[in-house]
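Visitor: Each chain is listed here by its residues.
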Amino acid sequence: MTSLPTHTDQKLGLVIDLDTCVGCHACVVSCKSWNTENYGAPLSDQDAYGDPSGTFLNRVHSYEVQPEAGPAQTVHFPKSCLHCEDAPCVTVCPTGASYKRTEDGIVLVNEDDCMGCGLCAWACPYGARELDLKAGVMKKCTLCVDRIYNENLPEEDRVPACVRTCPSGARHFGDLGDPESDVSKLVAKRGGMDLMPELGTKPVNKYLPPRPKDTLDCGVSLDPVASEAKGFLGWLDKALEKM
Amino acid sequence: MHPAPSVIFFSAFSGLGFGLLAFLGLGMPGLNGWYAFTFYFIAYAFAVGGLLASVAHLANPKNAIKSFSQWRSSWLSREGILAIAALLVTAIYAIGRIFFDTSMIGIGAIGSVLSIATVFSTAMIYTQLKTVPRWNSPTTPFMFVSYSLAGGALLAAQVSGQLSASLYLLIVAAIAQLLNWRVGDQRMLTSETNLGTATGLGNVGVVRQYEPPHSGKNYLLNEMVYVIGRRHAQKVRRISFVAAFLIPVLALLSFRDAPHIGGILAIIFHTLGVVGGRWLFFAEARHVVANYYGK
Chain V
1 MTSLPTHTDQ
11 KLGLVIDLDT
21 CVGCHACVVS
31 CKSWNTENYG
41 APLSDQDAYG
51 DPSGTFLNRV
61 HSYEVQPEAG
71 PAQTVHFPKS
81 CLHCEDAPCV
91 TVCPTGASYK
101 RTEDGIVLVN
111 EDDCMGCGLC
121 AWACPYGARE
131 LDLKAGVMKK
141 CTLCVDRIYN
151 ENLPEEDRVP
161 ACVRTCPSGA
171 RHFGDLGDPE
181 SDVSKLVAKR
191 GGMDLMPELG
201 TKPVNKYLPP
211 RPKDTLDCGV
221 SLDPVASEAK
231 GFLGWLDKAL
241 EKM
Chain S
1 MHPAPSVIFF
11 SAFSGLGFGL
21 LAFLGLGMPG
31 LNGWYAFTFY
41 FIAYAFAVGG
51 LLASVAHLAN
61 PKNAIKSFSQ
71 WRSSWLSREG
81 ILAIAALLVT
91 AIYAIGRIFF
101 DTSMIGIGAI
111 GSVLSIATVF
121 STAMIYTQLK
131 TVPRWNSPTT
141 PFMFVSYSLA
151 GGALLAAQVS
161 GQLSASLYLL
171 IVAAIAQLLN
181 WRVGDQRMLT
191 SETNLGTATG
201 LGNVGVVRQY
211 EPPHSGKNYL
221 LNEMVYVIGR
231 RHAQKVRRIS
241 FVAAFLIPVL
251 ALLSFRDAPH
261 IGGILAIIFH
271 TLGVVGGRWL
281 FFAEARHVVA
291 NYYGK
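Going down the list, the sequences are from chains V and S.
Under this note's numbering, the residue at position 136 of the first sequence is numbered 136, and the numbers go up by one with no gaps.
Under this note's numbering, the residue at position 186 of the second sequence is numbered 186, and the numbers go up by one with no gaps.
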């Protein structure tokens with residue numbers, strides 16, 4: 001049923017730390033790897049050795065942010081499904097393929113029901129859904145639902161592949177509906193934010209903003225040492241000028 | 001948004017077809033036998049042809065039958081159900097007209113309402129999307145329904161007399177179209193969404209993409225970041241407006257003594273204008289995901 005549940009027992013999701021992400025794309029690769037080998041249709045590539053394109057559930061953008069004063073900073077920005085509480089992608093689905101689970105709030109696609117109309121991808125503001133061109137069904141982040149409850153895996157592996165692989169500890173997984181959970185405390189402490197809150201999707205995933213940069217005495221340390229050449233170099237400068 | 005030919009064909013021709021069915025259901029024109037058959041044939045060819053084109057848009061059409069199940073939440077599902085209901089109910093009325101020379105007025109009227117409701121729900125598929133600010137306004141269903149009624153009136157040969165239904169409805173549709181462009185432009189200007197809100201970094205400073213997440217194309221760029229249409233929007237607007245409204249209105253006014261010639265001219269140009277307008281409807285619409293790519 002593509003009506004949204006009024007309440008979910010848990011709100012499982014990710015917290016992504018924009019301060020510590022180094023933009024290595026390891027989460028992109030591990031996501032593609034796990035989700036190609038496991039649940040659902042594999043994430044296909046088209047024309048891999050020509051003009052390549054392919055299906056990914058997680059992508060890392062890189063941005064430059066220029067504050068009003070001070071130097072610009074770079075922010076690497078991983079983006080995947082935010083498992084919204086008010087997920088517009090679910091309600092638009094005509095076949096009942098898209099749904100949000102009442103037990104943990106994960107938004108999933110039942111590929112056996114998907115007709116590949118693409119309307120859910122249009123409804124998502126975050127570009128989190130990609131139609132697989134080979135399988136003809138909509139693919140999206142499953143929050144590695146086939147890992148997090150998988151008792152055949154060692155306990156430390158029962159987190160989404162992107163979280164497990166992140167070398168800089170920029171990705172955290174947990175229940176954002178429980179105010180006492182580690183992720184909720186992290187969000188409270190670091191001022192975790194929603195993406196595009198104005199669209200009313202109420203994302204579960206939160207982003208931690210980059211910490212304020214150290215304020216070095218940039219003005220003095222970056223001043224040029226000398227603008228006018230003196231002595232031998234001054235003579236050389238004038239001599240070369242005349243040639 | 002990517003202007004897929006299948007979706008343009010679907011929205012243009014199913015609109016015309018259901019518009020014609022709406023008039024036929026009201027007994028306009030009140031024909032029986034072979035004459036009625038001709039009109040119903042055109043209406044069904046357009047409406048069903050349009051629906052089949054929309055099925056061609058699906059990547060996995062074997063599950064299309066399941067799209068009738070989610071009418072509680074999905075406008076696309078409602079549209080499918082209403083379309084089938086409209087086609088079946090008007091078929092009963094049409095059989096009466098074609099084979100039995102009878103007019104079951106009640107059934108015809110229900111068929112007309114269902115036909116217009118189908119066009120309305122088609123429009124709502126686009127109107128509901130907050131992710132495309134240009135579409136997300138009440139002017140979108142107003143435009144779709146008034147286009148459908150104007151085209152339907154032309155096809156139903158409601159052209160005789162100085163102030164025919166076609167003439168009135170073309171003028172209403174022209175106003176609806178101008179309103180839709182005006183409100184759409186306004187929505188784009190007043191949209192709160194930008195790369196700053198999309199990344200949450202707007203509070204820190206001005207955000208600029210310096211490296212995209214992938215060097216090649218992908219589904220998102222192909223489907224939702226179509227920028228060619230936006231460049232030529234003003235020109236296509238003028239061309240489609242002249243073809244869809246100005247020429248048909250002039251044709252109807254200048255061939256008052258031979259309304260069928262005027263009507264046929266009007267239909268040809270109006271249809272071309274509708275297709276052009278629908279191309280632009282998709283091509284100039286900007287999806288908020290374009291922000292992430294700085295486009």
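Incorrect hints may appear among the rest.
As a list, the in silico DSSO-like pairs of lysine-lysine whose alpha-carbon atoms are at most 27 Å apart [said to hold, decoys possible]: (1) V/Lys213 x V/Lys238; (2) V/Lys202 x S/Lys130; (3) V/Lys134 x S/Lys66; (4) S/Lys130 x S/Lys295; (5) S/Lys130 x S/Lys66; (6) S/Lys217 x S/Lys130; (7) S/Lys217 x S/Lys295; (8) V/Lys189 x V/Lys213; (9) V/Lys242 x V/Lys230; (10) S/Lys235 x S/Lys295; (11) V/Lys32 x V/Lys134; (12) V/Lys32 x S/Lys235; (13) V/Lys202 x S/Lys295; (14) V/Lys202 x S/Lys235; (15) V/Lys230 x V/Lys213; (16) S/Lys235 x V/Lys134; (17) V/Lys230 x V/Lys185; (18) V/Lys32 x S/Lys295.
A few chain V residues facing chain S, derived, Cβ under 10 Å [as the list claims (entries may be wrong)]: (19) Asp47; (20) Ser53; (21) Thr74; (22) Gly136; (23) Met196; (24) Gly200; (25) Lys202.
No lab work stands behind these hints: they were computed from the structure.
All of these numbers come straight from a predicted model, not from anything done at the bench.
Cβ coordinates follow ideal geometry from the N, Cα and C atoms, glycine included.
Visitor: Can the restraint linking V/Lys202 and S/Lys295 be considered satisfied, given a maximum Cα separation of 27 Å?
Guide: holds (25 Å)
Visitor: Hinted pair, alpha-carbon criterion (27 Å max): V/Lys32, S/Lys295. Please report holds or violated.
Guide: holds (26 Å)
Visitor: Need the status of pair V/Lys230, V/Lys213: alpha-carbon distance at most 27 Å?
Guide: violated (37 Å)
Visitor: Taking the least C-beta to C-beta distance, is V/Ser53 closer than 10 Å to chain S?
Guide: Cβ of V/Ser53 sits 5 Å from chain S, so the hint holds.
Visitor: Is V/Lys242 close enough to V/Lys230, meaning Cα to Cα at most 27 Å?
Guide: Given that 27 Å is the threshold and the Cα spacing comes to 17 Å, the pair holds.
Visitor: Quickly compare the C-alpha distance for V/Lys202 and S/Lys235 to 27 Å and report which way the hint goes.
Guide: With Cα atoms ~39 Å apart, V/Lys202 and S/Lys235 exceed 27 Å; violated.
Visitor: Does V/Lys32 pair with V/Lys134 here, judged by a C-alpha cut-off of 27 Å?
Guide: Satisfied, since the Cα-Cα distance of roughly 15 Å is no more than 27 Å.
Visitor: Checking one constraint from the list: CA of V/Lys213 to CA of V/Lys238, max 27 Å. Satisfied?
Guide: Status violated; Cα separation ~43 Å.
Visitor: Within a Cα-Cα threshold of 27 Å, do V/Lys230 and V/Lys185 meet the stated pairing?
Guide: violated (60 Å)
Visitor: Holds or violated: is the Cβ of V/Thr74 closer than 10 Å to a Cβ in chain S?
Guide: Status holds, d = 7 Å.
Visitor: Assess, step by step, whether the Cα of V/Lys134 is no farther than 27 Å from the Cα of S/Lys66, and give holds or violated.
Guide: holds (21 Å)
Visitor: Is it true that the CA of S/Lys130 sits at most 27 Å from the CA of S/Lys66?
Guide: Roughly 25 Å separates the two Cα atoms, so the pair holds.
The earlier numbered hints that this structure contradicts are 1, 12, 14, 15, 16, 17 and 25.
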